[in-house]
Amino acid sequence: AQSVTQLDSHVSVSEGTPVLLRCNYSSSYSPSLFWYVQHPNKGLQLLLKYTSAATLVKGINGFEAEFKKSETSFHLTKPSAHMSDAAEYFCVVRSYGGSQGNLIFGKGTKLSVKP
Amino acid sequence: DGGITQSPKYLFRKEGQNVTLSCEQNLNHDAMYWYRQDPGQGLRLIYYSQIVNDFQKGDIAEGYSVSREKKESFPLTVTSAQKNPTAFYLCASNSPGQLNTEAFFGQGTRLTVV
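Protein sequence lines, in the order shown, are assigned to chains A and B.
Numbered according to the numbering used here, the first sequence spans residues 12 to 126.
Numbered according to the numbering used here, the second sequence spans residues 18 to 131.
These are calculated hints, taken from the structure and not from any lab test.
Every residue gets a Cβ at the ideal spot worked out from N, C-alpha and C, and that includes glycine.
Warning: the hint list may mix true and false statements.
Claimed, not checked - No more than 25 Å apart at the CA atoms, straight line, and that leaves these computed lysine-lysine pairs for BS3-like:
1) B:26 with B:100
2) A:121 with B:26
3) A:69 with A:53
4) B:31 with B:88
5) A:118 with B:87
6) A:121 with A:69
7) A:118 with A:69
8) B:74 with A:118
9) A:60 with A:79
10) B:88 with A:118
11) A:125 with A:79
12) B:74 with B:100
13) A:69 with B:74
14) A:80 with A:125
15) B:87 with B:100
Stated by the list, open to error - Chain B stretches covered by chain A per the calculated footprint, using a threshold of three residues with CB under 8 Å from any CB of chain A:
16) 31-40
17) 47-61
Claimed, not checked - Far from chain B, by Cβ distances over 10 Å, these chain A residues were calculated:
18) 43
19) 77
20) 82
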């Protein structure tokens with residue numbers, strides 16, 4: 012069965028410091044993995060995706076993520092946080108079959124950025 | 018521009034009333050989804066459809082109904098049987114056979130019971 016675990020429900024950083032949002036996955040197949048960002052009362056916007064090409068994926072707004080098959084992880088990082096990064100972040104796995112219509116969501120990580 | 022549109026942005030429902038949330042996409046996606054979002058609970062799947070005239074229940078389908086008469090449209094009706102409908106509702110679409118492509122989301126509808 013496929014699953015996604017976001018290891019932190021809430022992360023707080025200071026502006027200008029690095030961001031690390033952790034995601035572990037379980038999949039029977041070679042997965043496609045995505046990170047989305049959601050600002051309050053908005054829809055989800057794609058940050059980046061891994062689709063079995065390069066293991067280090069660069070996304071929008073300076074975010075990147077590294078796919079590590081041995082650790083079944085896809086952690087999201089950014090070298091320097093900005094106030095506008097404060098939002099909720101979702102890790103998503105896509106795979107064939109299952110009861111969720113191919114989209115498996117993590118519970119989300121709320122990122123707070125202190126001035 | 019292609020995209021997915023939800024309307025209205027805000028909706029108020031009286032007790033015992035049915036309301037319908039609209040979701041339209043012009044991305045030519047076969048699959049469409051409805052999620053409910055409550056504070057601290059992530060996204061929970063209500064219904065999804067992978068092809069016209071067919072749909073499946075998600076984890077929390079009770080009190081909701083959907084139809085998929087057109088590829089572009091997937092309206093969600095919140096019925097009076099849904100006892101706690103106040104939430105943020107998100108619609109999404111994707112191509113189910115292309116796993117390396119992302120899902121697109123609407124901007125959401127906030128439903129409040131008054």
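Now the hints, each set against the structure:
| no. | hint | result |
| --- | --- | --- |
| 1 | B:26 with B:100 | 21 Å, holds |
| 2 | A:121 with B:26 | 23 Å, holds |
| 3 | A:69 with A:53 | 23 Å, holds |
| 4 | B:31 with B:88 | 31 Å, violated |
| 5 | A:118 with B:87 | 31 Å, violated |
| 6 | A:121 with A:69 | 21 Å, holds |
| 7 | A:118 with A:69 | 23 Å, holds |
| 8 | B:74 with A:118 | 20 Å, holds |
| 9 | A:60 with A:79 | 14 Å, holds |
| 10 | B:88 with A:118 | 29 Å, violated |
| 11 | A:125 with A:79 | 30 Å, violated |
| 12 | B:74 with B:100 | 18 Å, holds |
| 13 | A:69 with B:74 | 35 Å, violated |
| 14 | A:80 with A:125 | 33 Å, violated |
| 15 | B:87 with B:100 | 29 Å, violated |
| 16 | 31-40 | violated (count 0) |
| 17 | 47-61 | holds (count 6) |
| 18 | 43 | 5 Å, violated |
| 19 | 77 | 18 Å, holds |
| 20 | 82 | 21 Å, holds |
Comparing the model with each numbered hint stated earlier shows that hints 4, 5, 10, 11, 13, 14, 15, 16 and 18 do not hold.
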